[in-house]
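Peer 1: Counting from 1, one number per residue, gives the positions in the sequence shown under full-length UniProt numbering.
There could be a bad hint or two in this list.
Said to hold, decoys possible - Heads up, simulated BS3-like pairs for lysine-lysine below, C-alpha to C-alpha not over 25 Å straight-line:
(1) Lys86 x Lys117
(2) Lys147 x Lys137
(3) Lys91 x Lys117
(4) Lys147 x Lys41
(5) Lys147 x Lys88
(6) Lys147 x Lys93
(7) Lys147 x Lys117
(8) Lys93 x Lys41
(9) Lys137 x Lys93
(10) Lys117 x Lys137
(11) Lys86 x Lys147
(12) Lys117 x Lys88
(13) Lys91 x Lys41
(14) Lys86 x Lys41
(15) Lys93 x Lys117
(16) Lys91 x Lys147
Unchecked claim - Okay, the calculated beta carbon distance ranges per label pair:
(17) Arg2 x Ala34: 33 to 43 Å
(18) Thr128 x Pro104: 30 to 40 Å
(19) Gln42 x Ile136: 20 to 30 Å
(20) Gly122 x Ala21: 16 to 26 Å
(21) His101 x Thr56: 40 to 50 Å
(22) Arg133 x Ala105: 24 to 34 Å
These are computed hints drawn from the structure, not numbers from a lab.
Note that CB positions come from ideal geometry on N, CA and C, so glycine has one too.
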Amino acid sequence: MRPIDFELQRTIRAPIDQVFARIADIEGHNTWMAGTGSMLKQSRQTSPGAPAVGTTFVDETSQGPMPGEITELEAPHTIVFHWWEKSKSGKLKFEGWPSYHLEPAGPGETLVRHRGKLVPYGAWRLATPVLRRFAIKERTITVDALKASFERNREA
């Protein structure tokens, strides 16, 4: 089975630097992802300093903790996260690479291309069709929450 790959797009009514800053702020995800129905419960940066390549984090999810790191960061255009989940015996079950590619879309607007890549391992590969639907649903919740966070700020 091949990796699960897909792309979602949203245009957000906010300048590119503000959208990028919100995505790069790992612990800030706790604010704009709250109450969305996502499997994400809380994100916590586990390495010191401003977000950069190599910055580590842990996402507490309904499935348990998932460690990760930033693997690519080119402000304000690109950020790629990498996370993984292992079994109790230490075998890799899944790896994911959610990435955000931003470009100006007009005065005060940003086009967000959100790419999801998920690789299941071992017996989990048999569940690829179900995992694909789940991954698209989860990532759709995320980009919609990102967009809504700017819309709420406009209305305030």
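Peer 1: Look at each hint and say if it fits the structure.
Peer 2: Here is what the structure says about each hint:
| no. | hint | in the structure |
| --- | --- | --- |
| 1 | Lys86 x Lys117 | 17 Å, holds |
| 2 | Lys147 x Lys137 | 16 Å, holds |
| 3 | Lys91 x Lys117 | 19 Å, holds |
| 4 | Lys147 x Lys41 | 19 Å, holds |
| 5 | Lys147 x Lys88 | 36 Å, violated |
| 6 | Lys147 x Lys93 | 31 Å, violated |
| 7 | Lys147 x Lys117 | 21 Å, holds |
| 8 | Lys93 x Lys41 | 20 Å, holds |
| 9 | Lys137 x Lys93 | 20 Å, holds |
| 10 | Lys117 x Lys137 | 13 Å, holds |
| 11 | Lys86 x Lys147 | 31 Å, violated |
| 12 | Lys117 x Lys88 | 23 Å, holds |
| 13 | Lys91 x Lys41 | 24 Å, holds |
| 14 | Lys86 x Lys41 | 18 Å, holds |
| 15 | Lys93 x Lys117 | 14 Å, holds |
| 16 | Lys91 x Lys147 | 36 Å, violated |
| 17 | Arg2 x Ala34: 33 to 43 Å | 34 Å, holds |
| 18 | Thr128 x Pro104: 30 to 40 Å | 36 Å, holds |
| 19 | Gln42 x Ile136: 20 to 30 Å | 23 Å, holds |
| 20 | Gly122 x Ala21: 16 to 26 Å | 38 Å, violated |
| 21 | His101 x Thr56: 40 to 50 Å | 22 Å, violated |
| 22 | Arg133 x Ala105: 24 to 34 Å | 28 Å, holds |
The structure shown violates the earlier hints numbered 5, 6, 11, 16, 20, 21.
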